[in-house]
Amino acid sequence: MGALNEKVLTLNVGYEDQTSIDAAMKRGTWSRLKKALSMGPDALVEEVKKSGLRGRGGAGFPAGVKWSFMPKQPAKPSYLVVNADESEPGTFKDRLLMERDPHLCLEGFLIAAFAIRASAVFIYIRGEFVAGWKALDRAIAEARAKGFIGKNVLNSGWDVDVILHRGAGAYICGEETALMESLEGKRGYPRLKPPFPAQHGVYGNPTTINNVETLACVPHIVERGAEWFAGIGREKNAGPKLYCLSGHVKRPGVYEAELGVPFETLFNEMGGGLLDPARRLKAVIPGGSSAAVLLPEECAGLTMDFDALAAKGTLLGSAGVMFMDDSVCMVRACERVLKFYAHESCGQCTPCRIGSDWIHRIVARIEAGGGTPEDPGTLVSVCDGMVGKTICVFADAAAIPAKSFVAKFRDAFDEHIMRKGCPMKPAPAAAGA
Amino acid sequence: MADETPRPADTITLTIDGAAVTVPKGTTVLQAAEKAGLDVPRYCYHPGLTIAGNCRICLVDVEKMPKLVTSCTTLAAEGMVVRTSGEKVEDGRRAVMEFLLANHPLDCPICDQAGECRLQDYSFQHGSGAQRFQEERIKGFKQKSVGEHIMLDTERCIVCTRCVRFCDEVTRTGELGVFQRGAFSYIDTFPQRGLDNPYSGNTVDICPVGALTLKEFRFKKRVWWIKDVPSVCGSCARGCNVNLGTSDNRIYRLTPRENQSVNKWWMCDEGRLAIHKPHAAPRLRRAGALEDGRRVPIEHPAALDRLAQKLRGARPGSVGIVASASLTVEDLWLVRRLATECLKDARVVIPEVLRGKDDAILIRADKTPNRRGAEMLGLPLDAGDESLGALLKDAREGRLDALLIFGAGVEGRIKPPAGGPYVFAAATHAEGAAAEADLVIPIAAYGEFEGTWVNFAGHAQRVRKGLVPEGIALEVWFLVAELMRRIGIGVRFGSSADVLAEVVAKNAAFKPLAGTPGGPVKTLGALGAAL
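Chains as they are written, first to last, in our numbering: chain Y, 19 to 451; chain U, -10 to 520.
Treat the hints with care, as some may be off.
To be verified - DSBU-like mimics (lysine-lysine), calculated; alpha carbons at most 30 Å apart, straight line:
#1 K266(U) / K216(U)
#2 K77(U) / K211(Y)
#3 K133(U) / K204(Y)
As the list claims (entries may be wrong) - Output of the computed footprint for chain Y on chain U, the stretches with three or more beta carbons under 8 Å from beta carbons of chain Y:
#4 56 to 66
#5 286 to 297
What the hints assert, rightly or not - Residues of chain Y clear of chain U, computed beta-carbon distances all greater than 12 Å:
#6 T28
#7 D60
#8 P80
#9 V83
#10 K268
#11 G291
#12 A329
#13 A382
Read the hints as simulated data drawn from the structure, not as lab findings.
Note that the Cβ used here is the ideal one computed from N, Cα and C, for glycine as well.
From just these sequences and the hints, can you work out the full model?
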C-alpha cells in the first residue's frame, strides 16, 4: 500500500501523436493484448480480482468479481459494454483518456472482452464528446487493420467486433441499464433488477458493463501484475486513480494519484490551493454532484477513496472534486445542482419524476426570496420520500446532496428566508455602479 | 388438470402480514398478497401487461431488506416475511401519494373517473390530506383528441404507462409513447399517428386515473349512479364478458369484465360502442298490423291470436322462418319447436353475418354471438344466403303462405315480395323487413333480455338484462311460447331459465350444464361453462 510515484493511466496523454496506433505501439500500447490472450479468460479474471480493481464509474464494485458473473460456457453471445457516457457534473477523466490515449482504452476494452468471452464490445460514448468519438473511431479502424479487432484476433481463435455508439444527450443513459435500453434504440429508462446485466443485458444477452477508466487500468494489471496494482493506494482501495479538480482551485484539471490520496495533497499540491488565497474554502463536493457536500473541516486528513468518503456519508463517485470558496452562495449552488437533476430525471418512477422537480423548485424559490420557514423542513422530508424508493439511484443522487446542503448550510437557507432573498447577490444598483 | 396443480417442490411459502401463504414459484409478492386476500395498492401493475414497477405505490416491507421494495417486482421467496402495512410502509406510500398529487389538477368535480379513481381511493387510504406543494402546477394538454374515441388529459396522467404497454404488448400497434423527461414527461401518440387500433377503448379502462376518457361516455354520467350488470357482448362470436353500465334504464357504457377463458381483460371497440350506434328507425314500442297500407296499433295478445290463426291455415311446407343467430339458445330452442311441432315442415333459415376477418386477439369475423348455440340445437347457419334465397324465391313464386322473421340484425337483408306471403316480424326497430311486415311485435333489445349464448369455442355464457324493455317489447322465447300455446301446443315457462332447463334435459349437447342443484343458470354463473 503506498503512494503513486509515477504516471500510469496518464503516462502518454501528453504526446500529441499518441492517438495514432504506430506511436502508441512504440510506447508499449497493444503489447498487453497478446499476453492477455495467452493467459486465457479465467486467469485474467483471477488476476483482476486479485488486483483489487474497483469500478471507477462511481459505485466502486470490484471489477474482477463483476466479470466472474459472466457465463463460462455461454449459450448465447456475451457482450462487453463500455460506459463512456461520462456526464456526472464535475467529471472529465474518461474524456481525457479517450481523447488523448484512445489506444490504451481500446486495449483495455479488448482484454476485458476476452476475459468475459465477449463476442462484441459496445462503446456507448456521450454524444457531446465529439473529439473522443473521433479519436476512438480512428483507433478502432487502426486496430482493426492491425488485426486486434475482427476474426481470430492475433491467431487466438477469438472473434470480436467493436461498435462505437454515440448517446443523444441524456444523463440517465450513464445508468448502466438505461444505457442498454438506449443502445437498443429505446427510451433511456433504467431497467428493473433483477435480472442483472450478467444474465440479461444488451439484447437480452449476458453483458458486463464497465467504465472507461476501469478498463484502462486492465492493460497495466496484465503487464505489471495484480500485486503491483494492489500495492498502490489503500486497503481495499487499490491502484491509480484519476481525480477531476474544478471550481475555486488554482490549477483545475485531471490529476493521477493513488486511490486514497490525502485531501490536502489533492487540494494544495495538485490543485495549487484556492484560486484566490485571500478567500476561505467553504465547501467541497468530493465525487461529482451526486455526492453529499463536505465542509472543509470534514476534509481535513481525509483520504480520497471509496470507503473513507462513504464513512463521511458521501461518495468518491466519479472523483469529480469541486471546490467552493466563500464567494459562493450555498443556496444558489444547491439550486444549480438540483436544476440539473430536475432536468435529467428520466421520469419513470413517481418519487424521482416529481420529487427531483419539486426539491429544485423549493430551493429556487428560497434563492429568489420566496422561501417560508417551513421550506427547509419540507425539502428534507420530500428528499426522504425520494431516497431508496425508485428503480435506479438517480433519486438518491438528487436527494442526498440536497439534504446535505440543508444539513450543513442551514444558516444560509434560513438567512435567505428571513431576508427574503439572497444575501450574497449584489443589489441591482450596486451591480450597475 | 392434474399437471396444473403445483407440486410442493414448485411452491413457495412465505408470510404476509403474519399469515402463511403458499404460492407457485415465480409469483410476485403482490400476487401472493392478493392470494392472501390483501389489497396492495397499485397503479402501474396490471395482470395483463408486463411489469413496469414505476408508480411505486405498492411498496411493502420485506424482512432483511434494507429498503422498502415494490411488491409487483419482487418475487416471493421461501421464508420471506412481508408486511404490507405499518408505519414504514405507510410513510412510503404517503410520500408516493403526495408526489402523484403534487401537480395533479383538482378537477374531480368534472372528471369522469371520479368515483372509480385510484388516486381518490388511495389518497383516502394512504394519503395525508394536507397539501405541502406550494409551487405552480405543471400545465399539460387538458383535452387532446388522440383517437377517434379517446380523449387525453395529460394533467391528470400519472405516467404509469399502462396504456403505452397495452398498445405495445396486446395490440402490438405501438401508437403511444412517453415524451419529454422528468416532471414534464407526458403520454402522447407518436407524430402522425392516432390511437385508433380496434381495441383503443381498453386504454380508458386500464387508465387508473382520469387521463384517458372515452368520447362516447365522457360527461354523460357520474359513475356512482351507474349499476354494473354482468353480461356478455353480442357483437361477435367471441362473447366477451362485459358489464352493462346502467342508469335510468339506459346502458351508458360497456366495459370488459375479466374472463380468462374468453376475453382476458379486454374487449374490442366495435363491441364496446355497439350500444352507441344509432338506428335508422325509431324503436318499436307496440305491436302493429298493416291495414290498407297503414300501420295500425294492435294489442299484442290480439296480434298473437291473429298470427296463430294465419299459421293454422297455412299449407304444409309453406311457412318460412328466418331467425337470427343473435337470439339466445332459449329463443332458438322454442323457434325450432315451433317449426317442427306446431307447423308442418316449416323451414328455418338462420343467415350468417360475416364481416372482416378473425384477428389474433379477440375479434371474430362471425358477428353473431350464438352461432354455436344454433348449431348445437340442430339449426345450421345458412352459408352465403343460399337457403334464404330459395325461401324468398318460393315467396315470390307463391309457394309460401307465411314468413316469420325473428330477431334483430337480419331484418334488413330480407325483402319479401309485395303481395306475397303474410309477413310477421318480431323486431326491435321499425327498419328493414319489419317496416313493411303485415304484423310486427316489438321484442326486447340488448340489455333487456336474458338467455344463453354459446361462443365460437363452445363456451356457454349467460347474457343478462339490466333494463326494463321499452313499451311492451317481449323476449323472443316468451313470444314464441305464447304463439305455440295459441296454435295448440301446451308449453308453460316462467322464465328463460325454465326454457334452458328443458334444453339441458332434452339436448345432449347441453348436458354439461346439468347436475348443479341451482340449475343450469347457476352452472353458468358469472363466467360461463365449456360445452
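Here is how each hint holds up against the structure:
Distance check on the hinted pair: K266(U) and K216(U) sit about 21 Å apart at the alpha-carbon level, within 30 Å; holds. For the suggested pair K77(U) and K211(Y), the alpha carbons sit about 22 Å apart, so the restraint of at most 30 Å is met. The suggested pairing of K133(U) with K204(Y) holds, with an alpha-carbon distance near 25 Å, which does not exceed 30 Å. Counting residues of the stretch 56 to 66 of chain U whose beta carbon lies closer than 8 Å to any beta carbon of chain Y gives 3, which meets the minimum of three for the stated coverage.
A count of 0 residues in the stretch 286 to 297 of chain U with a Cβ less than 8 Å from any Cβ of chain Y is obtained; the coverage claim is therefore unmet, three being the minimum. With a least beta-carbon separation of about 35 Å from chain U, T28(Y) lies farther than 12 Å from that chain, consistent with its non-interface assignment. No beta-carbon of chain U is positioned within 12 Å of the beta-carbon of D60(Y); the least distance is around 31 Å. For P80(Y), the shortest C-beta to C-beta distance to chain U comes to about 20 Å, beyond the 12 Å cut-off, and the non-interface label holds.
For V83(Y), the non-interface assignment is confirmed: its Cβ lies about 20 Å from the closest Cβ of chain U, beyond the 12 Å cut-off. Annotated as non-interface, K268(Y) keeps its C-beta farther than 12 Å from every C-beta of chain U; the closest such distance is 37 Å. No beta-carbon of chain U is positioned within 12 Å of the beta-carbon of G291(Y); the least distance is around 38 Å. Chain U leaves A329(Y) outside its interface by the beta-carbon criterion, the shortest separation being 18 Å against a cut-off of 12 Å.
With a closest Cβ-Cβ approach of about 9 Å to chain U, A382(Y) is found to fall inside the 12 Å limit, against its non-interface label.
The structure is inconsistent with the numbered hints 5, 13, although it conforms to all the rest.
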